[in-house]
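To convert, note that position 99 of the sequence shown is 94 in the working numbering; the numbers rise steadily by one, no gaps.
Don't take every hint at face value.
[To be verified] Listed below are the simulated SDA-like cross-link pairs for lysine to any residue, each with C-alpha atoms no more than 20 Å apart in a straight line:
| id | residue 1 | residue 2 |
| --- | --- | --- |
| 1 | 69 | 130 |
| 2 | 82 | 69 |
| 3 | 2 | 139 |
| 4 | 69 | 14 |
| 5 | 76 | 110 |
| 6 | 27 | 53 |
| 7 | 82 | 139 |
| 8 | 69 | 139 |
| 9 | 82 | 130 |
[Unchecked claim] Cβ-Cβ distance ranges computed for the label pairs, FRET-style:
| id | residue 1 | residue 2 | range |
| --- | --- | --- | --- |
| 10 | 128 | 3 | 15 to 25 Å |
| 11 | 24 | 144 | 18 to 28 Å |
| 12 | -4 | 18 | 24 to 34 Å |
| 13 | 127 | -4 | 42 to 52 Å |
| 14 | 144 | 28 | 33 to 43 Å |
| 15 | 124 | 74 | 28 to 38 Å |
| 16 | 46 | 146 | 35 to 45 Å |
| 17 | 124 | 6 | 14 to 24 Å |
Since the hints were made in silico from the structure, they are not lab data.
Ideal placement from N, C-alpha and C gives every residue a C-beta, glycine not left out.
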Amino acid sequence: MLTAPMKDLIATFPLGFVASVTLTGAPAVSPKGTFLVLDDTTIAYSDIRSPGTRRNLMANPAVEVNFIDPFKRKAVRVAGKAVIHRKGSDWFTQMHPRWLDTFGDLAERISSLVVINIETASEIWTPPYDDGVTEDEMIATYKARFGALYT
-4 MLTAPMKDLI ATFPLGFVAS VTLTGAPAVS PKGTFLVLDD TTIAYSDIRS
46 PGTRRNLMAN PAVEVNFIDP FKRKAVRVAG KAVIHRKGSD WFTQMHPRWL
96 DTFGDLAERI SSLVVINIET ASEIWTPPYD DGVTEDEMIA TYKARFGALY
146 T
């Protein structure tokens, strides 16, 4: 399901915007910055302080996540079902070192790992690509825009 470019985008920009459904049926979006690609059909993030998202996913495991490369203006949309592995479980104990290796001391605060079994994955590109704008042009444009924000 995940292509090499999708995996690269997620690895480079691991901040995923997680959409879940509240207990009242309302949509809820929350950013999670600790995503890892586990394989072609599985991604996961660490739950450090996400009681609302955790509650939503426990009641309804349907989830969608969007990852964005703000310079290329390309994105990955992933949808599937979430499974929560709490600290102390066998799966958590086995997988937690991957978060330690990638996120260092932040990984010490993880209370659970949330695995998303991917059902669909797609790439999203901004409309200027339809008009012939190149990736290099997009990168140059947005490097200049973001650079101007923080100078």
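Index of numbered hints that the structure contradicts, given in increasing order: 2, 3, 7, 9, 13, 14 and 15
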